[in-house]
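**Q** These protein sequence lines map, in sequence, to chains A and B.
Just so we're on the same page, the numbering used here is the position in the first sequence counted from 1, plus 64.
With the numbering used here, the residue at position 72 of the second sequence is 56, and numbering never jumps.
These aren't lab readings, by the way, just hints derived from the structure by calculation.
In this text, all values refer to a predicted model and were calculated from it rather than measured experimentally.
Possibly wrong hints are sitting among the right ones.
Said to hold, decoys possible - Computed list of lysine-lysine pairs in BS3-like fashion (alpha-carbon distance at most 25 Å, straight line):
no.	chain 1	residue 1	chain 2	residue 2
1	A	K113	A	K343
2	B	K124	A	K165
3	A	K165	B	K127
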Amino acid sequence: MLASWEEVFREAAARWTLLAYFALSTLFILIFAAAVNLDVVNGALAGAKLFGQSVDMGGRSIDIDRLVLGFESGFSGFLYIVGTFLAIFATAHLVPRLQEKGTIDLYLSRPVGRVSLLLSRYTGGLLLAAANLLYLLGSLWAIIYWKTKVAHPRFLLAGLSILFTIAALLAFAFLAGVVTSSTGVSLMTTYALFFLAALLAAHAKIAAAVSSEWTARLVTGLYWIFPKTAELGRATVALVGGRGTLRAVADMNYFAVYGSTALFLLTSLTLACWLFSRKDF
Amino acid sequence: MEASPIQVIGLRKVYRSRFGSNRIEALAGIDLDVRAGEVFGLLGPNGAGKTTTVKILLGLTFPTAGEARLDGVPCALPESRRHVGYLPEGHRFPGYLTAAQTLSIFGRMSGLDARTVKGRIPKLLERVGLADWAHVRVRKFSKGMTQRLGLAAALVHEPRILLLDEPTDGVDPVGRREIRDLLREEARRGTTILLNSHLLSEIERTCDRVAVLRQGRVAAQGTIEDLTAQTSRYKMVVSAPDDALIAALRETGAGIERVNGHLIVSTRDLEHVNALVDRVRSRGAMLSELSPVRSSLEDVFVDLVTPSPSPPVSPSGSIAGTESQTGGRGDGETGG
């Protein structure tokens, strides 16, 4: 398992995807750290400087806690989309490349079960995504604390929620990879799934608008089968934003959203493992 | 009784197209039994079933019927590969890894701990002639160097069984000799080696026994000597083989060729050979040598794999025609 993880990380480093992601993240973190200077007095923002220029606050003082929460929840929403896309981009090749002629023989000739091999690649990919998220979220969280002395551990929880979404989508990317042995197809189908699932958040409206009952049932069925990418994004923002933003997702059935996505993850992964273990190479 | 390291019993493999319309029988029920410490060559033209056999042995492909075992363990189980080293043809190690990293990762995947692997890497790279390349990325390696690295990766966990597919492919003549020596050294240590190669000279020099596959069946199996012995033809060295002697020998129905001062006689059977010897002696000629003419492995291979109207193989797997003339000199061990 450790050998397989090491290889996943070395491969990511060699492909520049990981390095580029870390370089961009570092750049963003450094700019953020250097550009934002806040003057906090008694828990309120009395003055702010952005790139050395004073920001006109109209003589008002802003509650720093609310400001930080607003920034962190907004950023977690941004990271939900960007982080998920980058993580899939950086890991979708793991199965197709493994299955290449001349490569798969080297791995399967070792005393490692096929399911273990696939799962070690999957968990390796997740570890890679987790490392990326931890680096970006952890650094920003530390800088925000350094600048404002406000610490919201919930911001770090956003990473878990994003990672859960990545896990579900990566399981599907692995399934597509096992079936097609193509990185391109894995990427395209997984991104398509992300958007289609997000569209299906409006399944009730779509079902009401379509003419046939059969189509309406199909839309509703797909909604319950697919991961709830739109709801998970909103839930991530709400998780970080706390009370202020939780109202926006007050009617959300968390159990159904997370539960059905977890079921999708498990089904995709099980199917991928089953097909991989039966495949002739 | 201890199981043979490599056992293949009635192995069949039928490939079907995606929608099941086409059906190709890659293996039509083959039996192989490779003994411990033996270097066994698998020969055959393209599509004969060599690679499929090796892939089934390694669990890469599933058989349609029959059994394959490594060290007595069914090949479907990962545990069967615990003591197996494999060098696939056209293998592609990740180009971003260095030679040392490659051996480390694949060594640990074979169940070794990191410390043990680390200790073995320098010696192993030295052994395959890559000591100076330990920290160079594999993508910079030539084909021959990649092949040497593949061999090192196959040996990293000191396997008891080695399955090698074209191990000298892309390697220069000196390197080939080094690899041959290395394989012989492994065999002396008791490693069982299954060698799959198109280079017949390579097989001839390295293997103890070979099996020739043709259209998914074992066309012949035995030692190189068994397979190359053409016992219907003999080299006969006699003093002064004049035309009268040759005419007398021809009277018996033997085919006679004069080659470099000696005679090559084609006979029907051993009785016929003895009759010829009697004729030579009765004419006062001195017989100083009588030996069966051996053909090269290449001749045998071409004869075996060239389609002929009648099957070239006897049911026992020895070459058709050989057994009757030699009183069962074919090795007779092809059955599983």
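**Q** Take the hints in turn and mark each one as holding or not.
**A** Here is how each hint holds up against the structure:
no.: 1; hint: A:K113 <-> A:K343; result: 60 Å, violated
no.: 2; hint: B:K124 <-> A:K165; result: 20 Å, holds
no.: 3; hint: A:K165 <-> B:K127; result: 16 Å, holds
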